[in-house]
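Novice: Listed here are the chains, written in short residue letters.
Number of protein chains: 2
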Amino acid sequence: MVDNTLSPHGGKLTERVTPLQADDQRVRELKTIPVRSQIASECVGISYGFFSPLEGFMLKADVDAVVEDMRLASGYVWSIPIVFDLSLEEITRLSLREGDTLLLTHQDQPLATLDVEEIYAYDKEHLARQVYGTGDENHPGVRRTYTYKDRFLGGKVTLINPPHVNPPYEKFWYTPRELRERLAERGWTKVVAFQTRNVPHAGHEWLMKGAWFAANADAILVNAVIGEKRTGDYIDEAIILAQDMLRAAGYFKENVYMASILQWDMRYAGPREAVFHAIVRKNLGCTHHMFGRDHAGVGSYYDPYAAHRIFDELPDIGIKPVVTLEWWYCPACEGIAYEGLCGHADRKQELSGTFMRRTLEIGVRPPPLTFRPEVFDLVKECADKYGFGSPFVTESYLKNRNPVMTVPPLGPAG
Amino acid sequence: MVDNTLSPHGGKLTERVTPLQADDQRVRELKTIPVRSQIASECVGISYGFFSPLEGFMLKADVDAVVEDMRLASGYVWSIPIVFDLSLEEITRLSLREGDTLLLTHQDQPLATLDVEEIYAYDKEHLARQVYGTGDENHPGVRRTYTYKDRFLGGKVTLINPPHVNPPYEKFWYTPRELRERLAERGWTKVVAFQTRNVPHAGHEWLMKGAWFAANADAILVNAVIGEKRTGDYIDEAIILAQDMLRAAGYFKENVYMASILQWDMRYAGPREAVFHAIVRKNLGCTHHMFGRDHAGVGSYYDPYAAHRIFDELPDIGIKPVVTLEWWYCPACEGIAYEGLCGHADRKQELSGTFMRRTLEIGVRPPPLTFRPEVFDLVKECADKYGFGSPFVTESYLKNRNPVMTVPPLGPAG
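Protein chains in written order, with the numbering used here: chain A, 1 to 414; chain B, 1 to 414.
Isolated chain A (complex conformation) (with noise of 0.2 Å):
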């Protein structure tokens, strides 16, 4: 065990973001891969240290320690596997070795470079089942994992062409440093961390409430995860606009409450899932994170409470999760209530993303004790102006959506 209590995790932010001009002679002489999303994200994350201490992808003994113990080589507490994919053929096409450095690319634009360190094979089947529990293709990390291409690369990363963040995202995308400033400047020492990537129905909202209770916080950071999404699943924007609403509209009051993003694709893995959530929510300067029922999970893989029971193997975390119940829509209570505190559960009525789904659906306004109106109407508002009509994600949105990030040409000529 090591200390984990330091704040960012690891002890030290990682910032390895080295602009280059479109001139600089280094661009021309690097082997070039262009890369997908997922990597693209990746990258952005490790420079700017959301992920700290991690400074590029993995090597393979970081990975062997996060597949058997959940830790790092150096022995921090780490959950998912931060991996860097080629295929063979890609590696002997461009006679790929240790000590190459790589250009990334997207968008057709230079990103970012890779120092190759290390190349190596994996056990996929071996990771997905330790990182996932299960090798079931039909789990949608599992499917990514057994996806990936056959040699991993390890090695550092630095950012040399830093994307823009596009409209309406660009007013919740803080770099860690800059979020743990803008905590800072507003007085805030205990932050609550709140993930998402749903629309927040009143449950939501008081999961958040309950928690900041818990934690004794001044005040909650939503982080919405953006990333690659799934047919059905909300679309993004209204998803980050739909949780600042909260607070516009004045259901948490301004000095209590911010929304943020953070790029990353959903690998669904349940309580290690939420490992990595909170060591993310660490590094952009939380103190506490809330975890409900079900937290990452998908389908049945899970039990709904293991990734609240995963953070008792781990007291050295360094941040502390708030573990919570049920919400639900009380008829006698006549409000939002508790499943710790209610003694009416056998009347509640579940403030189930389902139905929530429905409404929108058919397009009916909801009672305000499930969604709230002005989140109601934001939504419907951002399916006209973002999701080509629909608040969830369609075979159209995803081809026709407006990127999260945009990878600018190269810097002008020094």
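Hints were generated in silico from the structure; no laboratory data involved. Every residue gets a Cβ at the ideal spot worked out from N, C-alpha and C, and that includes glycine. Warning: the hint list may mix true and false statements.
Residues from chain B that keep clear of chain A, each with C-beta distances beyond 12 Å, as calculated [as the list claims (entries may be wrong)]: (1) A73; (2) L94; (3) K399.
Simulated pairs of lysine-lysine, DSBU-like, Cα-Cα distance not exceeding 35 Å [said to hold, decoys possible]: (4) K320(A) to K320(B); (5) K60(B) to K253(A); (6) K348(A) to K380(B); (7) K253(B) to K190(A); (8) K60(B) to K320(B); (9) K31(B) to K229(B).
We have chain A; now place chain B onto it with these hints.
Specialist: For chain B alone, kept in the frame of chain A given last:
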């Protein structure tokens, strides 16, 4: 400073109960003084350890330390003098001197003995100014102090004839030892106390719920102060039964809530009384005590949050204060909202005691988010059953009410 962290206060629960029998010679030989209900109830409080580490009425050194430094002479935190007052006339009549043992009677029955260690005079105005922050005799605590007789008698108290607690209070009456046993049986290790002398409205209910979260408590102990009443107060029967109704009607689950009583004549000493309440609830086995706005205050003698700040000076008190702002009804949130979170302060509807009283007076069923319907109905029922038609204390109630406790004749001859 001494170690206040042990539980009960001072490290050891005082227990000075030695039932005597009717033919016990000792009783007949003692000088006898009938005592008023304040003193009788304090004899009970001392003897069962509600006021641990006190073992009797205070000696001058303790009163001095309490008055000047809010500590006992031994160094333990203590805020309110617990004194036995007697006129010089009575002292002369009985030829009372230090070293005597007095028999205290109540309701014409032997109740307790007092080993007179010290007979002393005290500057009552100085005491009042220090304890109540004012010498104004309109303050009920100050007025009580001024009516104390000329001399104080300090010394140990022994309960020789435990009173019976009458219905409907008897189900809510636990000695500190009994209560600690009950908490342990239920597996409650973190219990947050709620002080009350009111019928609960929805704001009180949520004050308790919020504090339960903030303390990460297993349960809430409602500890209703039953004692001297003023005209217009809620009748005691309505207070304790209505608090228990929150559990019975499911606004709190069975396994998180327990109602109990404390026999104590309120001093309305604001911050000093908050400290006293904290110590007594520590003796009852509570780990936390919630304090809302204007705790134990009266009129405008105290800053509404003075009772929050006083604990900053008492880090060694050994029970954790949970301080809370206001809960109100918010029409925008459509429910009970917390001052620290709700952004609609301009639209708040105060859940004032005055409004609650009015609804009871006119008998119109209030909205469920003010008074819970079961609570409202119960209070009306109590008015008929115990209040001579009123839920509020009247002259008729004061004269004819059933006493909370009855001192029986001494046990049968051994």
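Novice: Each hint needs a verdict: does it hold in this structure or not?
Specialist: Structure-based check of each hint:
1. The claim that A73(B) is not at the interface with chain A holds, since no C-beta of that chain comes within 12 Å of its own (minimum 35 Å).
2. At roughly 55 Å from the closest C-beta of chain A, the C-beta of L94(B) stays outside 12 Å, upholding its exclusion from the interface.
3. The beta carbon of K399(B) sits about 39 Å from the closest Cβ of chain A, which is more than 12 Å, so the claim that it is off the interface holds.
4. Between K320(A) and K320(B) the alpha-carbon distance is near 20 Å, which keeps this suggested pair within the 35 Å criterion.
5. A threshold of 35 Å between alpha carbons decides the hint, and for K60(B) with K253(A) the separation of about 51 Å lies outside it, so the pair is violated.
6. In summary, the hint linking K348(A) to K380(B) is supported, as the alpha carbons are separated by about 29 Å, within the 35 Å threshold.
7. A hinted pair counts as satisfied when its Cα atoms are at most 35 Å apart, and K253(B) with K190(A) qualifies at roughly 30 Å.
8. Only pairs whose Cα atoms come within 35 Å are accepted, and K60(B) paired with K320(B) is accepted, the gap being roughly 29 Å.
9. For the suggested pair K31(B) and K229(B), the alpha carbons sit about 31 Å apart, so the restraint of at most 35 Å is met.
The structure does not agree with numbered hint 5 stated previously, though it agrees with all others.
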